[in-house]
Structure formats: structure tokens, C-alpha cells
Amino acid sequence: MSELPLLPTTVIGSYPRPKWLRELIRLKRAGRASDEDLNEGMKDAAIVVMRDQMQAGVDVPTDGEVRRDEMVEFFAERLRGFRFYGQVRVWGTAYYRKPAVIGRVEYVKPMLLEEFTHAKSISYTENLKVTITGPYTIAEWSYNEYYKDKRELTMELAKAINAEIRALVSAGARIIQVDEPAIHTHRDEVEWAVEAVNESIKGIGVKVVLHVCYGDYSLIAPYLNQIKVDQVNLALKNYDYRPLKLFRKYKWDREIGVGVIDVHNKRVETAEEVATDIKKVLDYFPVEMVWINPDCGLKLLPREIAYQKLTSMVSGAKIVRSKLSEMQSLKALPTLKPLITR
Amino acid sequence: MELELVGSYPRPYGLNEYIKKFRSGKIGSEELDKAVGIYTQRLFGRLREMGFSYITDGMFRYDDIVDTVYYMVRGVEKGELIRFYDNNFYYRKPVIKARIQPDVEAYVENLKKSKQFLPKDSSLKLKAYALGPLSLYELCDNRYYEDPVEMIFDYMKVLRDLSARLSGIVDALELHEPSFFMRTIPRTIRSRVGEIYSQLSDLKLRKSLLSYFSSDTTMLPEFFKAEVDFHGIDVVSFKQKLAQVYGYVRSKNLILGLIDSRNTKLERTSLIKRVVFRMKEKGASSIVLSNNAPMDFIPEVVALRKLSILAKFRGG
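Protein chains in written order, with our numbering: chain P, -6 to 335; chain X, 4 to 319.
Rather than coming from a laboratory, the hints here were simulated on the basis of the structure. Please note that a few of the clues may not be correct.
Said to hold, decoys possible - Just the calculated beta-carbon pair ranges, DEER-fashion: (1) X/Tyr147 x P/Gly50: 22 to 32 Å; (2) P/Lys242 x X/Tyr147: 28 to 38 Å; (3) P/Arg71 x X/Lys100: 45 to 55 Å; (4) X/Arg271 x P/Tyr117: 53 to 63 Å; (5) P/Lys113 x X/Arg193: 56 to 66 Å; (6) X/Lys37 x P/Lys113: 48 to 58 Å; (7) X/Ser311 x P/Arg15: 35 to 45 Å; (8) P/Glu16 x X/Gly17: 19 to 29 Å; (9) X/Glu83 x P/Thr118: 28 to 38 Å; (10) P/Pro(-2) x X/Lys100: 36 to 46 Å; (11) P/Glu29 x X/Asp124: 52 to 62 Å; (12) X/Arg193 x P/His257: 30 to 40 Å; (13) P/Ile312 x X/Glu83: 24 to 34 Å.
Stated by the list, open to error - Computed list of lysine-lysine pairs in DSS-like fashion (alpha-carbon distance at most 27 Å, straight line): (14) X/Lys128 x P/Lys12; (15) X/Lys128 x X/Lys37; (16) P/Lys259 x X/Lys100; (17) P/Lys152 x X/Lys268; (18) X/Lys81 x X/Lys29.
Unchecked claim - Computed far set for chain X versus chain P, every beta-carbon distance over 12 Å: (19) Ser11; (20) Pro13; (21) Ser32; (22) Pro151; (23) Arg190; (24) Ser204; (25) Lys244; (26) Asn266; (27) Ser288; (28) Arg308.
All values reported here derive from a predicted model rather than from experimental measurement. For glycine and all other residues, C-beta sits at the position ideal for the given N, C-alpha and C.
With the rest of the complex left out, here is chain P:
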């Protein structure tokens, strides 16, 4: 495994699809391109996305999730028990295909293996991250027509996600990120949602990261230490880092991935701005525990802007690294080893 620098930089997962891939998807839907064409396009797109991240200098890349139209839809299409009725609006003019659970959820076969093995074969670093949507978010963002309640559905999904993560680890994945953007939606469900996340990562002996974004962090913060992950990464730029106090209050002592890039704004942050923000974070957490990332996936930004934002993020981290190396001797460098056993 390649060594990590101080303040390792990473992405949350998604990256804008190249325009030509979007056109290819349109052609495929219109019946004017084959499965083979699309598969080739997806593979090529992953290479392009990987190259953007390499040029920007990202330490821990992903394949940009180029194969996934949407983070819940992708898994619902591949697990048994789901069906789709149609598009649902999520805001403004944006829609997604919200799945409905109409039968027992069953894990059929690996869902991300092809994506991961390809990403591994084209990655410029061994420090490759693979992302997977967590059980609570899949349940929360689906209609439940079958299970007695959401909890029962979530626990069933946790088993399926666990099987998938095990398959990824067997194929060589060394950093798994579980995406749970919905985990802090309902105050009275957070406690068992945490249990479900733990169930989904049970027995996983590689580094596990939890991604949480947008919403009321005060709902999840009290439960954070019960989640058996090595790192939690969060959207923080959007909130001007105010929630940091909360995570210190609850004595979070594992790694924290700090969102320093606003993904809902086309304004490109400067490297200096990122550096200033990182320094603020270091008032709260020891440097060896801090990773640097955007607030969320970059998918909705124009590709050029996404690339510039990543470049600023990496440059900002480098500014802080150079100052730190002059100022102090560090106890330990960030590591890819799991911090806890599951």
C-alpha cells in the first residue's frame, strides 16, 4: 500500500460524467447503442475521471461512480425485492427513480465487482477507495410496501450490503466508504440506523469510512462513537465548519474527513481559502486524524469546475502540509490500517 501524506486528500465518490458518456447513455436509451458500446464507454469514462484526479493530485481516488445513475437506484436495480414505478422529483426540475420494496430483499450477486476491478486496473495509486450506499439510506430513500416497518427492511439491507463489502474485500478493496446521507433524517431512528450500519460492516478487516452530509448533525453526533468505522467524513464547508464543535463535544477520536469544497456552488475555492479552512479544523482535531475531501460527490458540477475545485483542494492541503512540516514533529502519519476491529 502506498504511503499517505499528512492530510490525505480524497473525493467522496461521484464525479461529473464526460459529455460523450452522457450522449452515449442517451443513445443507448434510444436503442441506438448496444450494451457493449455502453460498457466500453463506462470503462473509458472511468479512465478519464481517474486521470483528472491524478492530475489534480488526489491521494485517494475513486472511479467517479461513472456507472451509477443514482446512489440508491443502482443498488435497487441489482438486489432482489425492488421495483420501479417511475421518476420522482427531488427538487426543482431534478428527478430520480425512487425504488419500491415489493418483496423480500435478497443479495443476488456482486454489484460493484466489475466497477472495482476495472478501477483497480486503471488506478494510479493502490490507495483506491470504493463507495457503497448504506442500508439506512437505501431504506429511507425507497418506498416500503413489503416489510412491517423501515427497521426490518434496513436490517435486511444491512445483510446484503455486508455480503457486497465482503466480496469487494475479497477482490482486493482496502478502503470502503459507506454512504449514509440519510442517517440523520429522523431523530427517533438514528439509534437503530447505527446498528444497521454496524451490521453492514461486521467482520470487515479493512479501513471503513462513513460519509454523512447535509442535515442536522446534532442527531447523529451523540451516536457517532457507537459506529464501528475508522473515519467519518462530512459536509462542513456548506456550514462554515460550525458542526466541528459538536464532534469535539462528543469526543470523536477517530479520523475525520473534512469537507472543504462546496459542491452546490460553482465558485471555485482558492487554495489559500482551503488552507485557511484546514487550519481552523486543526484547532479541533490532531492533524494525523484529519483527511481532506469535498463536502459531497462532485457529480452535479460542470466537469471543468469539479476539476478546478479538486486542484484547489489539493493545493490548499499542500500549503498546510508544508507549514506543518516546518513547525512540528509528528507522532504518526495517517494510515490505511483499520483503527478498530469489527
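Dock chain X against chain P, hints included.
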């Protein structure tokens, strides 16, 4: 039994393409109006076939109920994208930086356009829709008023002005108050709910107060005291606590939200019958059946199936 469409009907994907093009400047307002007209006419036709009486125009021109505020109030700016209660659905937070004043022209014009598509030979009655004052308080970013009660009363003036302008265009006004039962509404506001809603008491339009997404029973007395013609109850959310609701329904006109707008599972008619029977037994004056909340949260195909379930009860 009368049937009513409450709030939005899922914006058809085809229409959304026109809205996207309009917002990015690729088509003009004339082409947009034409497209909205086609889909509105289709919706009205379907609702007539199913036997609905009071309907909205599906709110196709608005992204959500909060969006209507920007079409009727001066002094409000669009803010950040925020989750709409506990849904995977987001709205632009209204930022209030100046005194709220009525500016209802654009909103009224939109309703006039919708009215043109009402079938001439039908008894369909068109409703206007607006965000209720408590929900505005909860969902906005108030940077102007020191006293939120003052803001609420200014907003009520907007609703009065709107209602006056709607005479002859619509038959009813529905006020969406998803925050009504939320505990986050401060006591200073809760204690004046009666006075707040009395601002609309002399208006001639049929007024309904709709609450949804919450089953907190603390505010039930205030809810039923509000001076409106119809009280809309989200039966889906109150399902486990209906016994407490029954205590307040005597002599009230009710809109019962019996169809779950947030889940694709189809409702059993037996449950609907049971609730209606109990409400009647408890002395409700009149009962109208409806969806429990705006229907943006389910696909159009499911919304239609669900409304068809209600249609089984028309005239029953």
C-alpha cells in the same frame, strides 16, 4: 362523498422538460404556457372522470408549496436548498430581508391561465393554494423582523390581498401548514393561532387548513379552533392516534387525507371506510376524501392509482 385533490399532483416528466428549457432560456413563456396548458387540461380531465369536486391545478408551475411565496410576496429572496421536513425532497429557503408586502400579480395570472382549462360542462371547483403562516415562520430565514409574530401578521395581509384578488377566479383557498403540529413553533406564536387565522375569517372563499407529516397531538385544540371552513387531517400520519382526533371533530367539516402521498403501497378501501364511519359517528358535519399531502413524493402512475381508490367512494 366528495373528493378533493390537495396540493400538488406529480409534475409529469414531459412537462418538466419544458420547464427546464424555459428556465435555461431555450424556450419563451408562450411555449411554456402551451405545454403547461396541455398537462393541466389532461389532469382536469382525469379528475373529472374520477368524480373529484375541489381540485388544484396540480401546482405544475411551482417547484413546491414554499415556491409559491416567491410569486406572492415582495421582500423575499431565494436562499439555500434545504430538506423539506423529513423527505428526500428539497426547497429553496425564503430569506426575508425586508418587510413582507403583497405582490400577488404573477400568482393570480397563473391561476387565471389554469382556469381556462377547466372543462366548461363540469362541476369542478378550482382552489388556490398557499403556504400557511406558521409554516412560513418555520421554513424561512427571517433576517428582518425582530418579532416573528409581526412577520406572520404581515404575511396574513398578503393572504388577504391574494384572496381578494382571487374572487371570481377560484372557489377556494387551501393553506398548507405542515408545521402546525411541530413542537418547534414557539409558544408566542402558538398562543396566537386563533387570532392569526381570524385575519381570514371574513373572506368569501372557502378556506381549508391542511396539516400533514406530523402526528403530535398537542396542538389539536388550536388546530380545530382556527376559523376556517374545512380542517384537513393527515389520517396517514395520525393513524395510531386517531382516537385523540375523534374528540375534536364534532360539527367540523373535514378533509380526510386518507391516501398516502409518500408511499407507493396502495390503500385498502376497508380502512378508508372504517375511518370515515368513525368520523361520522363522532359527529363530523361533512367529510371530503383526499390525499394526505402534496403528491410530489410518488411517481405519477402511482398517484393516479391512488386517486382512483378514492374515486370508488364518490357520491357514496
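Tested hints:
1. As the Cβ distance of X/Tyr147 to P/Gly50 is approximately 45 Å, the hint placing it in 22 to 32 Å is violated.
2. Between P/Lys242 and X/Tyr147 the beta carbons are some 32 Å apart, a value that agrees with the proposed interval 28 to 38 Å.
3. One distance hint, 45 to 55 Å for the beta-carbon pair P/Arg71 and X/Lys100, holds here, with the actual separation near 48 Å.
4. In this structure, X/Arg271 and P/Tyr117 meet the distance hint of 53 to 63 Å, their C-beta atoms being roughly 57 Å apart.
5. Checking the proposed 56 to 66 Å range against P/Lys113 and X/Arg193 shows it holds: the Cβ atoms sit about 58 Å from each other.
6. Between X/Lys37 and P/Lys113, the C-beta spacing of about 52 Å keeps the proposed range 48 to 58 Å intact.
7. The supplied range of 35 to 45 Å is met by X/Ser311 and P/Arg15, whose beta-carbon atoms lie about 37 Å from each other.
8. For the hinted restraint 19 to 29 Å between P/Glu16 and X/Gly17, the CB-CB distance of approximately 21 Å keeps it satisfied.
9. Between X/Glu83 and P/Thr118 the beta carbons are some 35 Å apart, a value that agrees with the proposed interval 28 to 38 Å.
10. Between P/Pro(-2) and X/Lys100 the Cβ separation comes to about 44 Å, which falls inside the hinted range of 36 to 46 Å.
11. A hinted range of 52 to 62 Å for the beta carbons of P/Glu29 and X/Asp124 is consistent with their spacing of about 56 Å.
12. About 34 Å separates the C-beta atoms of X/Arg193 and P/His257, a value consistent with the hinted range of 30 to 40 Å.
13. Hint check: P/Ile312 to X/Glu83, Cβ distance near 28 Å, so the stated range 24 to 34 Å holds.
14. The hinted pair formed by X/Lys128 and P/Lys12 fails the criterion: a straight-line CA distance of about 47 Å is larger than 27 Å.
15. Between X/Lys128 and X/Lys37 the alpha-carbon distance is near 22 Å, which keeps this suggested pair within the 27 Å criterion.
16. Pair hint P/Lys259 plus X/Lys100 holds up; C-alpha atoms about 24 Å apart against a cutoff of 27 Å.
17. Straight-line distance between C-alpha atoms of P/Lys152 and X/Lys268 comes to about 24 Å, which keeps the hinted pair within the 27 Å bound.
18. A distance of roughly 22 Å separates the Cα atoms of X/Lys81 and X/Lys29; the hinted pair therefore holds under the 27 Å criterion.
19. Some Cβ of chain P comes within 12 Å of the Cβ of X/Ser11; the nearest lies about 9 Å off, and the non-interface call is violated.
20. With a minimum CB-CB distance of about 7 Å to chain P, X/Pro13 fails to clear the 12 Å threshold, and the non-interface call is violated.
21. For X/Ser32, the condition that its CB be more than 12 Å from all CB atoms of chain P holds, with the nearest at approximately 16 Å.
22. Against the 12 Å criterion, X/Pro151 stays outside the reach of chain P, whose nearest CB is about 21 Å from its own CB.
23. Look at X/Arg190: its CB is around 21 Å from the nearest CB on chain P, clear of 12 Å, so calling it non-interface holds up.
24. For X/Ser204, the non-interface assignment is confirmed: its Cβ lies about 35 Å from the closest Cβ of chain P, beyond the 12 Å cut-off.
25. With a least beta-carbon separation of about 15 Å from chain P, X/Lys244 lies farther than 12 Å from that chain, consistent with its non-interface assignment.
26. Annotated as non-interface, X/Asn266 brings its C-beta within 12 Å of a C-beta of chain P; the closest such distance is 5 Å.
27. Distance check for X/Ser288 against chain P: the nearest CB is about 35 Å away, which clears 12 Å, and the non-interface claim stands.
28. The Cβ of X/Arg308 sits about 9 Å from the closest Cβ of chain P, inside the 12 Å cut-off, so the non-interface label is violated.
Violation of the numbered hints given earlier is confined to hints 1, 14, 19, 20, 26 and 28; the remaining hints are satisfied by the structure.
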